[in-house]
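In the order they appear, the protein sequences are chains A and B.
Residues 1 to 419 in our numbering are what the first sequence spells out, letter by letter.
Residues 1 to 419 in our numbering are what the second sequence spells out, letter by letter.
One or more of the hints may lead you astray.
To give an idea of the chain A side of the interface with chain B (calculated C-beta under 10 Å), a few residues [to be verified]: (1) R71; (2) I224; (3) D240; (4) L299; (5) L300; (6) N336; (7) S365.
Listing some non-contacts, in silico: residues in chain B with all C-beta distances to chain A over 10 Å [as the list claims (entries may be wrong)]: (8) H156; (9) K170; (10) G191; (11) D238; (12) A272; (13) L299; (14) G415.
Lysine-lysine pairs mimicking DSSO-like chemistry, simulated, CA-CA at most 30 Å apart [said to hold, decoys possible]: (15) K197(A) x K170(A); (16) K269(B) x K243(B); (17) K243(A) x K197(B); (18) K209(B) x K113(A).
In case anyone wonders, no lab produced these hints; they're calculated from the structure.
For glycine and all other residues, C-beta sits at the position ideal for the given N, C-alpha and C.
There are 2 protein chains.
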Amino acid sequence: MDNIVEYMQGVGQAARAASRIMAQADTAIKNLALSEIAAALQNQSVQVLAANALDVAAAVASGLDEASIDRLMLTGKTIESMAEGLLQIAQLPDLIGAISDLNYRPSGIQVGKMRVPLGVIGIIYESRPNVTADAAGLCLKSGNAAILRGGSEALHSNQAIAACVQAGLKSAGLPETAVQVISTADRAAVGCLITMKEYVDVIVPRGGKSLIARISADAKVPVIKHLDGICHVYIDDDADLEKAIRIADNAKTHRYGVCNAMETLLVSKSVAEKVLPPLCQIYRDKGVELRGDKTACELLAGITPATTEDWRTEYLAPILSIRIVSDIDEAILHINTYSSQHTDCIVTENYSRAMRFLREVDSSSVMVNASTRFADGFEYGLGAEIGISTDKIHARGPVGLEGLTSQKYIVLGSGQIRL
Amino acid sequence: MDNIVEYMQGVGQAARAASRIMAQADTAIKNLALSEIAAALQNQSVQVLAANALDVAAAVASGLDEASIDRLMLTGKTIESMAEGLLQIAQLPDLIGAISDLNYRPSGIQVGKMRVPLGVIGIIYESRPNVTADAAGLCLKSGNAAILRGGSEALHSNQAIAACVQAGLKSAGLPETAVQVISTADRAAVGCLITMKEYVDVIVPRGGKSLIARISADAKVPVIKHLDGICHVYIDDDADLEKAIRIADNAKTHRYGVCNAMETLLVSKSVAEKVLPPLCQIYRDKGVELRGDKTACELLAGITPATTEDWRTEYLAPILSIRIVSDIDEAILHINTYSSQHTDCIVTENYSRAMRFLREVDSSSVMVNASTRFADGFEYGLGAEIGISTDKIHARGPVGLEGLTSQKYIVLGSGQIRL
């Protein structure tokens, strides 16, 4: 590509123009496009798999690690689940144009809010090519145009999926430029995308912490992001110990490499002797390495001393740090100090402490007596999510269709003027 | 001040610590603080006026322009209205802690949202010292801590008002550091404030376009801003001409120097000959300079030709640009091209075109048959506003208490785990 800035400006202009049309598109047309894209993916699965095979072969040749290759690889089954995902998005209610809180004011005007798309969403992601279809679907249903920039190792796969997306848009009569997939591996494209304030309304980075940190530092466009998930479970004095063990087990061991897995377990000292020995037996049986503060090390055999660094670490692995606290105050202080404000849980039967925890813990999801693993757009009923925001501005927690929209004020009058 | 970075870091740390206490403060305590601050302003009005006199004398000596001195000057009446404003904020409902949409999910957990403060709000403003009290009141009621940085020419006035704010906070038992007024005129303080991401959650700049543009360009913290108000009134083919004249008159001439004043009038060609002559007579009688496109110049005598620059200009003065358009499509295209996305209005009796205008105009307030002058937090029923956002992210349109808050997800379970 000769001039990357010129290319990206062109992409941005086309996206802005398409966003005006997408904002007005009927629900039926948007749903038709989603089902046409799903059909295109199914009909062109051979072409998509062939393109993916090119990417996988190049990745193997270049010595990419196994986990990345695993994320890159598509199968007939993953293509089928991309198509199903799009059909599920078609089933979700259309939020655009919804008018709420339309009330009369003393001046005689009616004032309300109308839900509108954000405009143009830039999505930057790493190797998983299925994000191309998911993100396109969410942006389309929420009336936005999208500019997608996947990992360079997935370039052929993403282009093949993009061809299906564009075929679907075209067959529904929507502009093909409503979803554009960047066709260059040049990293400068990302630099343009995150600074084109005139053409891009928000950036959603999906991927590792370093990618997201880099994008956040350089972006001029607002970013909806989550950096990491250092999630806590606090077992309170009045915990039901059976629930506590079940939740603390599930939160850590259900899946290790996910952002809503527990990384630090806090236990009130009055119940530590009862709950920790059986719980740690479960962890040991599942091969979880345990690290603990001084008191935990005294209580439990064969546990490594934890350092302050442990409290700040998202392991994404079968490792758990354990701290014994004197009461809920120390637990909340620990969480508000070390948590990444993703998801934190208290296990308790005590009403007042449950209420205090809900109110005082400053995280995007705060739970009572439920596994942190529930922090997820699907489990919350959003239908699908574009990411989980640990910011407080605009969107917080799992971000579904609503997070990709805004509201404008509407005023209905009958000739009123300011006096 | 020896080390401005160190000073600002200290302010930031204190604000973050205070924000934790403010987030938990009872409604009654917050309202008490507001009324105590109002009382302190009334009791210490002599001291506040004396401090203000120092600033005004210095401003006169330094040759500051009259409009700025006017904005800087306090009187017994302005202090009284600051106190009244605080008492009005005390009357507004407390949004913090409100739980909404708490529903059961198939897994058995209940998922809802709880409204929470943003945390620490940085407010940067120009000469008006009354912003110190208004902004402090809004941040306090919404459970946030505030760092206020007023214009250097108002330093004594702001410190005197700050003393009242802190007396009120103290007397209600809240931390005095919940509202801090920067005590240095050094501009480097602003540079620190807008980049201290660890201590500041959002910046609200209030003032001229150049101040806001500079802050937006350099900020690392999210900014809630509006740059300018290039507002339009479009008189449609099916307008009630009496309403059209009334609204177009009010939108332009009610006040000239405000962001929700009309700057460009669009008129459908089918009604231009009827509506423009009487309307322009009103404008001429009020001393409004008229600039028009070619057709308008042909139709009306003594009107200056408008250039493209006029369509892009917020006059904030008795100047109006007029364009005659062929239909609503051209009107919407003009607005979506030149409007600053603040407030735009259609005057029509036609249902379909009213609905189209509401849906298709991409501005923070879109109106039918009402003066653009209604775009205001008080007129919309928000009670008070910290500013008007022309952004789409987080807050759009007049920003009241809700715009200074966020929502976190809460999950209430009874021992559920992910299967």
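Structure-based check of all given hints:
A distance limit of 10 Å between C-beta atoms decides the matter here; for R71(A) the minimum to chain B is near 21 Å, and the interface restraint is violated. Checking I224(A) against chain B by beta carbon gives a least distance of about 9 Å; that is within 10 Å, so the hint holds. Nearest Cβ of chain B to the Cβ of D240(A): about 7 Å, under the 10 Å cut. The hint holds. Nearest Cβ of chain B to the Cβ of L299(A): about 24 Å, over the 10 Å cut. The hint is violated.
The interface hint given for L300(A) is broken, as the beta carbon of that residue sits about 23 Å from the closest beta carbon of chain B, more than 10 Å. Restraint check, N336(A) versus chain B: the minimum CB separation of about 7 Å is within 10 Å; hint holds. A distance limit of 10 Å between C-beta atoms decides the matter here; for S365(A) the minimum to chain B is near 4 Å, and the interface restraint holds. For H156(B), the requirement that its beta carbon stay farther than 10 Å from each beta carbon of chain A is met, with the minimum near 34 Å.
Remark: the non-interface label on K170(B) is consistent with the geometry, its nearest Cβ contact in chain A lying 23 Å away (cut-off 10 Å). Listed as outside the interface, G191(B) is consistent with that label: its C-beta sits roughly 17 Å from the nearest C-beta of chain A, beyond the 10 Å cut-off. Every CB of chain A is more than 10 Å from the CB of D238(B) (nearest about 14 Å), matching its label as outside the interface. For A272(B), the condition that its CB be more than 10 Å from all CB atoms of chain A holds, with the nearest at approximately 20 Å.
Here L299(B) stays apart from chain A, with its beta-carbon at least about 24 Å from theirs, past the 10 Å limit. Not every beta carbon of chain A lies more than 10 Å from that of G415(B), the smallest distance being close to 4 Å; the non-interface claim is violated. Straight-line distance between C-alpha atoms of K197(A) and K170(A) comes to about 27 Å, which keeps the hinted pair within the 30 Å bound. At most 30 Å may separate the alpha-carbon atoms for a hinted pair to count; K269(B) and K243(B) meet this at roughly 17 Å.
Straight-line distance between C-alpha atoms of K243(A) and K197(B) comes to about 38 Å, which puts the hinted pair past the 30 Å bound. Straight-line distance between C-alpha atoms of K209(B) and K113(A) comes to about 26 Å, which keeps the hinted pair within the 30 Å bound.
Of the hints listed earlier, those the structure fails to meet are numbers 1, 4, 5, 14 and 17, in rising order.
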